[in-house]
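*Asks:* Chain residues, written in single-letter form:
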Amino acid sequence: MFAEKVIELLKESERNPDTIDQFNDDKIRQILEEMDLLFKMNMNDANATTENRSLWTTVQVRHSALERNKRCLLAYLCSRMNKIKTLRWEFGSILPADIRELLSDEEYEWFSKYSTNLASYMRSLGQDIGYSGIDLTENLKPPKSLYIEVLCVLDYGKLELEDGDVIMLKKNSRHFLPTSECQTLIRQGVLKQIT
Amino acid sequence: MENTSYLSIQDILVTNEKVPCKFLHDLPKMGFLDPSATEEDLKAGTHLDIPLWLAESLYSRRPPLISVELPKIYKESYREILGADACTVDMHKLGKYFYEMGCYVAKHDIKGEVSATLMNTFRQRFRMLLSASVSNDSISSMQPLSESERVQAAAAATTERALAMWLQRGESPLTAANMVANHRKRKRAEMEML
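First to last, the protein sequences are chains A and B.
Take our numbering: the last position of the first sequence gets the number 195, and nothing is skipped along the way.
Take our numbering: the last position of the second sequence gets the number 194, and nothing is skipped along the way.
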């Protein structure tokens, strides 16, 4: 049957809508091979239709299969692209190594370009009224208080605050920090707010 | 509608479901579509279950290469069951994509009763879903849901939880981003498997 491999591919990525999977190079190659084969068979039969009109229907069936494969592949790439976009907002501009290796080279290039675009857009914001840009990835929820108490979830290392103080973020240590300085770390899962 | 877009994975999975069809023309070299056929060509008049996407595309050719028949859940006998009480039907088993698929096959139903059944079923089942999600303990006691109903039920549950939290505390604490949290959970699961 046509276009079965590509469905496997989509089901795989649909199973984990909230995380990104390894880019499935191997399966994509197989699908492209299937499409190539279909195309060649179609070329042959299309040339033969002058003698045998009934072959035309066969060509149409294969053509539908080709279009289907194309649609599925594009959908796969598009859904991954949306996930990569989310990665930029949630993990920040530098991806952890274990996520980096899940992307293909082209996807990583796209990520870098998106990241640069977003950064230059955020820098350009509010320049006409004297600000030097706004970080849109901050304050996704309205801030309730200036300082919050946080628990460190993993060994992160040193963090330099805006006033020049340097604090050591060690696992299971508690800190009382300005909300503006730790909310990015909370989103990245380094700190956890204690309420 | 969002879920009929070209790039929607949801719609692709819906159109992967099979529908019974009758072939109106000979298809040379397409005998492999019919697993019970021994010949190389597919003869006109063959009845076969083919994926909806293929059926749609062959049906839209001029002249149509096939005629599409209704899958069994949209037939008279099942319509009667759904009309009697749609809430007792195991939707997951009968039609994982009951509504979405119904929208596609409704145009092949000459009498036009399928669309009425779809509306009616949705009305009955949505009421059940709604009352179950506000009381938040009875979702598991419901009949297995179709795919889109599952999404609705999950959305209802999250909203309900968020509302309860907000009412209790009047604020929402900062949390780790969705993908970050899920990535970590998954990594932990992989570690435990090793």
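Careful: at least some of the hints might be erroneous.
As the list claims (entries may be wrong) - For lysine-lysine, the following DSBU-like pairs were computed, each having C-alpha atoms within a straight-line distance of at most 35 angstroms:
1. Lys40(A) to Lys22(B)
2. Lys40(A) to Lys93(B)
3. Lys22(B) to Lys111(B)
4. Lys22(B) to Lys158(A)
5. Lys27(A) to Lys22(B)
6. Lys43(B) to Lys18(B)
7. Lys18(B) to Lys144(A)
8. Lys11(A) to Lys192(A)
Derived by calculation from the structure, the hints in this document are not laboratory data.
Quantities reported herein were computed from a predicted structural model and do not represent experimental measurements.
*Asks:* Each hint: holds or not?
*Replies:* Comparing the hints with the structure gives:
| no. | hint | verdict |
| --- | --- | --- |
| 1 | Lys40(A) to Lys22(B) | 28 angstroms, holds |
| 2 | Lys40(A) to Lys93(B) | 39 angstroms, violated |
| 3 | Lys22(B) to Lys111(B) | 19 angstroms, holds |
| 4 | Lys22(B) to Lys158(A) | 70 angstroms, violated |
| 5 | Lys27(A) to Lys22(B) | 33 angstroms, holds |
| 6 | Lys43(B) to Lys18(B) | 20 angstroms, holds |
| 7 | Lys18(B) to Lys144(A) | 53 angstroms, violated |
| 8 | Lys11(A) to Lys192(A) | 34 angstroms, holds |
The structure does not agree with the numbered hints 2, 4 and 7 stated previously, though it agrees with the rest.
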